[in-house]
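Student: The residues making up each chain are set out below.
There are 2 protein chains.
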Amino acid sequence: MIKIGILGVGTVGTSVAKILEDNADIIEARAGKKIVVKSGVVKNLSKDRGVSIIITDNPLDVVDDPEIDIVVELMGGVDEPYELVKKALQNGKAVVTANKALLAYHRYELQTIAGDIPLMYEASTAGGIPIIGALRTGLSANHIDSIQGIMNGTCNYMLTKMINEGAKYDEILKESQELGYAEADPTFDVGGFDASHKLLILASIAYGIDAKPEDILIDGIENINQTDVEFAKEFGYEIKHLGIAKKVGDAVELRVHATMIPVESMIAKVDGVMNAVTVIGDRVGETMYYGAGAGGDATASAVIADIVDIVRGNQGPMLGYKKGLESGLTLLDKSEITTQYYLRLQVDDKSGVLATISSKLGEFDISIEAMLQKPTKEKNISQLLFTTHICKENKMQEAIKALEELESVYGDIAMIRIEK
Amino acid sequence: MIKIGILGVGTVGTSVAKILEDNADIIEARAGKKIVVKSGVVKNLSKDRGVSIIITDNPLDVVDDPEIDIVVELMGGVDEPYELVKKALQNGKAVVTANKALLAYHRYELQTIAGDIPLMYEASTAGGIPIIGALRTGLSANHIDSIQGIMNGTCNYMLTKMINEGAKYDEILKESQELGYAEADPTFDVGGFDASHKLLILASIAYGIDAKPEDILIDGIENINQTDVEFAKEFGYEIKHLGIAKKVGDAVELRVHATMIPVESMIAKVDGVMNAVTVIGDRVGETMYYGAGAGGDATASAVIADIVDIVRGNQGPMLGYKKGLESGLTLLDKSEITTQYYLRLQVDDKSGVLATISSKLGEFDISIEAMLQKPTKEKNISQLLFTTHICKENKMQEAIKALEELESVYGDIAMIRIEK
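Note that the protein sequences, when read in sequence, are chains A and B.
Numbers given in this note's numbering equal positions in the first sequence, counted from 1, plus 11.
Numbers given in this note's numbering equal positions in the second sequence, counted from 1, plus 11.
Simulated from the structure, these hints should not be mistaken for laboratory data.
Watch out, some of these pointers could steer you wrong.
Sample of chain A residues at the chain B side, in silico, Cβ under 8 Å [as the list claims (entries may be wrong)]:
id, residue
1, N34
2, Y301
3, G302
Here a beta-carbon is modelled for each residue, glycine too, at the ideal position from N, C-alpha and C.
If we strip away everything but chain A, and leave its shape as in the complex, we get:
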């Protein structure tokens, strides 16, 4: 019999305990051993969790318990779980974590500390979708050309509503908060930070890249409006919030942002709160993995998959590479990223403005690919929407600043990157 201790018995922790009980038959059949939750750690002892396990508010009751074989870390946060996971590993216990922030910051230290002890994290990225397993095992023959993922259900729900139902950003944010899809402070989701943690985890398995959230380009969906949605439709794009990892020579681009992608691509067809990750390998070509990216049961499904895998005796290097054999790729500085861009500007509706803007862009080696001019409610002001040919991120950032300083341009310029 294998005994589990859970650090953090919230929504996911409760689901883990319940599924291990409800589906004990099939889980024992698959793991080859009985798996039971012995104890769980909570902050608030007075709240009933509805599960029949020992509840404590002292994490050391789990981490130092010699009877516990596997510690499941579902606390959230970074520093406290880091210390506890470290201690559990040092005590010889296998660890399963769903904590993407912990891994975004400490995955390489944890890999070193773990050594030959299993430390698994399928639930940390894209919830119930077994994308870690696919990347770590199923695609191991491939150099990975690129990863594109819808890895934040809140963003995808909001964008789907904006695209399919013409909802306005503010309205749909409010609705998402009421439905529990978005937090009171939605920045972590709509600002792209949540997706960036997941992208960093996938990038480590695919490329052996050690980077932290602050090293990569992170953008959200806050500036998208119905004008952008309509432009995208007219030009054959869908707008999705994507985490993107891409090999460019010996470097790897990592970036998280709203993206216009061709409407016929598979990932463009993923709607609502669902997640999906497309991985292109140099031998297997395009593969995609689709499912629920959040929710207690879906996330618990991934946690338990890891537990079963550990009980079966499986392991292999935590991040998919044997230590010391990382592939030697480096992170491309975010200013060096090249892609196509869509821009939305409010400009004076008079002759010569187009020429001014186009020549200003030229100063930054940026040329226009397609353009649309629309009237606004305000007299003498029109809206200019255009896409550019491929250019450099830092040039685009400088160009936007320069354009915003022009007398004929009003307010902030909105920008969405394009991937074809």
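Once you've looked at the hints, dock chain B against the given chain A.
Tutor: Just chain B now, with coordinates in the frame of chain A:
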């Protein structure tokens, strides 16, 4: 260093040898050891394979070679590979196979023979898509409610062309043969037999069901025409050739047939030669896995994933269950399957015919859900297209025979099953 021997150095075998050489860097990093192909077995020694390995026409040179650690079986067929895989396992060698026919007939015997020696088969189902790993490991916490898979690229390519471009069945079959997507005798693909082998493999992992192709309902796409395609569009369906496994109480339905599915479902969006498998777990909900289902490199990608996994020291029960712990589900007799149906009939264009047909269906407890009557080129004959409410497969089969015997019905009745 791990040494591989390949039984059958055809398209896939050549890809396996080449990828292990070309991607040796990343594969060694991921496996933790160098992996090299020592030798390969072919039927025709005179043909150049373009790979620098020892080539022999005697399989025992591989299977009995004490230097070989892992035997990769890519011969095709059933009896000869069965004997060779058995011998390799008895010699203590791990085996990786892409042979779906071998597994469709002998997976349980092979599991018993293998015992604790790894016998892996990711490449046997849906080519490069790591669906075996997903089902065997990633979803192990779940009772599986259902599996729906586009598991034959030829069928999906042909149906996509018929739906998106209005192509006729015979034309597109000829084109598929010219493109190499279909064999000279296409029955194995378009008749559903290829997909049935793959479905049986997935059903074993999901349900522990031991069945053979002749035990299950297998139908192809040969009788579908443009009238059906147009009807499907009008009523919000896409037509896909699916392998379906579904839990119904303590029984499992296994069936392979052309299927009308709602156009908005994810699997309906999978076009061309691509494969995809949707798995619904009781906890994770719907997940989908998409990618190339055939091709040398894509299939080799899956073969090598298994090799890497074996080298990492991973295993677990071959079919996902520890021996003796199968879940006790039984195969539902195919006559007992219940679903909705679409029928196409040529009938006399005169009053009373509808009533006759509807009352004849009533004798078999079948009621009509939606109906469309269309004129044909022949005077006094019209085409009747309708869908039924849920009924039993054996009743439907009997009803079709009875309808075909009616004086007012001409020729054979075409039938497509519906899944909502």
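Student: Against the structure, test the hints numbered earlier, and report the numbers of the ones violated in rising order.
Tutor: Checked against the structure, no hint fails, so every one of them is satisfied.
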